[in-house]
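Residue numbers (this note's numbering), protein chains in the order written: chain A, 1 to 258; chain B, 1001 to 1292.
Since the hints were made in silico from the structure, they are not lab data. Heads up, some of the hints might be wrong.
The list that follows gives simulated cross-link-like pairs (lysine-lysine, DSBU-like), each with its CA atoms no further than 30 Å apart [stated by the list, open to error]:
id, chain 1, residue 1, chain 2, residue 2
1, A, 220, A, 233
2, A, 200, A, 228
3, A, 159, B, 1165
4, A, 60, B, 1088
5, A, 176, A, 233
6, A, 184, A, 220
7, A, 222, A, 60
8, B, 1171, A, 159
9, A, 112, B, 1171
10, A, 133, B, 1165
11, A, 112, B, 1088
These are the residues of each chain, in order.
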Amino acid sequence: MGVLLEIKNIETYYDLIYAIRGVSLSVAEGSITTILGNNGAGKTTILKTILGLIDNQPDKGTIEFMGHRIDGLDTEQIVRLGISCVPEGREVFEELSVRENLMMGAYIRKDKKGVAQDFERVFNYFPILAQRKNQWAGTLSGGEQQMLAIGRALMSRPKLLFLDEPSLGLSPLLVKEIFQIIRKINEEGVTILLVEQNAKKALEVSDTALILETGRFVMKGKSSDLLKDENVKEFYLGVRSQQSAKGYQRWKRKKVWR
Amino acid sequence: MIDFIQMIISGIAVGSSYALMALAMVLIYKASEVPNFAQGEMALLPVFIAFMIIYSYGYSVFAAFFGALVFALVLGCCLEFAIVRRAKNSNVLGLIIITIGLEMILLGFVSWKFGADERVMPSFPISSYDSVMFGDFYITTIDLLTLIVALVIMISLFLFFRFSKFGVAMKATQQNETAARLMGIRTNRVKMVTWGISGTVGSVAGLLIAPVIMDPYMMWDPMLKGFAGAVVGGMTSLPGAVFGAYIVGIVEHLFGGYVSMDFKAVVAFAVIVIVLCVKPSGLFARHYVKKV
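The shape of chain A in the complex, shown without the other chains (with noise of 0.2 Å):
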């Protein structure tokens, strides 16, 4: 398996605050790597600087892209190579319909045959949006729209997807119903960049995970090893170490690694 994403000690800054603090982090091809961490950690900034939706950034660094150099580009052009987003908070055209976001999702590619294929696809991946073809993106529900952020993500045939929190405020159910979808794709040839708050779901479907806090990796391997490493399980997990007979932690465990 070769190297699709190689990020060598990158940092941003957003004007004076030093958010990502010498980053380092290699995607596999065909794998899901995700990255885990805390609210204000830097985990949505690692994706945005890859993108280059931040201006001038990153600050010190390279990032490569299928062997060629893809900091200092256009997000317009990073795009065009082959790496899709599903942002933050999903993001959809609210005042277009859902077949009208798909065929954004699409912009770039000329093949009238292969986007129909493709919407055929998301439509399969997500029959619900077949039904609701029509409506405007804004009145769908918080799940549907999430879907509709990943069909459209999935819409340019990405080589890498970035997926930025995609259970955010959706109901149990939705989430397990999206991470299974995650897999599926995954499966069909498409690396993935996950970016998690539920660390147990994103573990258990990823190959690879990285632990981000302040900025910096604390952490990473194996995802089956860090779902039984004591600290994650303890700071990301919930798992209490031990009880005493009152009820209540009787020590806190330390982060071995500050």
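With the hints as your guide, set chain B onto chain A.
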């Protein structure tokens, strides 16, 4: 009763040129979130270019008008590319000042190059005194032409935004620029072309007004009335802008006919005030209002 219907017909006829200006302003408002006060002058310059092509180079009216529209397209694109886009971190006020500045520059340029005198569009085939009778009612031929052309433009804009990929991309850019960039849409280019299209639509209005009245200040009135119509329609809706402009045209004529000819010009603004009091977001504002 005949008077009443006649006034409505005249109002609709006049409203057509307002509607074109309103459409042009709404297009730019949706793309760059600024009421473009240079809209009138972006139409004025192409009108005088057409004048120049006919008068000095002796081409036919149609060639000249075509040339003027192409010029308007290029002018709109250039203004966005060279000036509006360069405004870094601009707020609405800053952009408004920029458009007012553009307006003054273009107006000054036209006055300087072509003089402030009233002119006549040479060799225009329809005289502004011709009219067509429909039973008891008449409409001047040029108004009828304006009405038809306006309808054609509205329908083609509708089809463009509904069915063409680029039109949908324009809508997408207006709704969520970041997401549009993530789709690979070159949003800067989309905005530039929007300004070009807007300038062209406005220039059509200008070219249809020119045979009746042509001097450097000819576009002031249609621009302000068009703006009034756009505000009445909610500033973000193309059909709304058209309806608003027709409302302004009709109310203005009825007021002129029944109340006072002297105050006819200010009625449009009274309409704005009333509409904004009753429904501040305009008559046709969409439900998903994100922009302030």
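Going through the hints against the structure:
A threshold of 30 Å between alpha carbons decides the hint, and for residue 220 of chain A with residue 233 of chain A the separation of about 14 Å falls inside it, so the pair holds. With a C-alpha separation of about 11 Å, the suggested pair residue 200 of chain A and residue 228 of chain A falls inside the 30 Å cut-off, and the hint holds. Annotation: proposed proximity of residue 159 of chain A to residue 1165 of chain B holds, straight-line Cα distance about 23 Å (limit 30 Å). Distance restraint check for residue 60 of chain A and residue 1088 of chain B: the Cα-Cα separation of roughly 24 Å lies within the 30 Å cut-off, and the hinted pair is therefore satisfied.
Distance hint between residue 176 of chain A and residue 233 of chain A is fulfilled; the C-alpha atoms sit about 20 Å from each other, no more than 30 Å. Only pairs whose Cα atoms come within 30 Å are accepted, and residue 184 of chain A paired with residue 220 of chain A is accepted, the gap being roughly 24 Å. Of the pairs offered as hints, the one joining residue 222 of chain A and residue 60 of chain A holds, with about 28 Å between alpha carbons and a cut-off of 30 Å not exceeded. The hinted pair formed by residue 1171 of chain B and residue 159 of chain A meets the criterion: a straight-line CA distance of about 27 Å does not exceed 30 Å.
Annotation: proposed proximity of residue 112 of chain A to residue 1171 of chain B holds, straight-line Cα distance about 21 Å (limit 30 Å). Distance hint between residue 133 of chain A and residue 1165 of chain B is fulfilled; the C-alpha atoms sit about 17 Å from each other, no more than 30 Å. Between residue 112 of chain A and residue 1088 of chain B the alpha-carbon distance is near 38 Å, which puts this suggested pair outside the 30 Å criterion.
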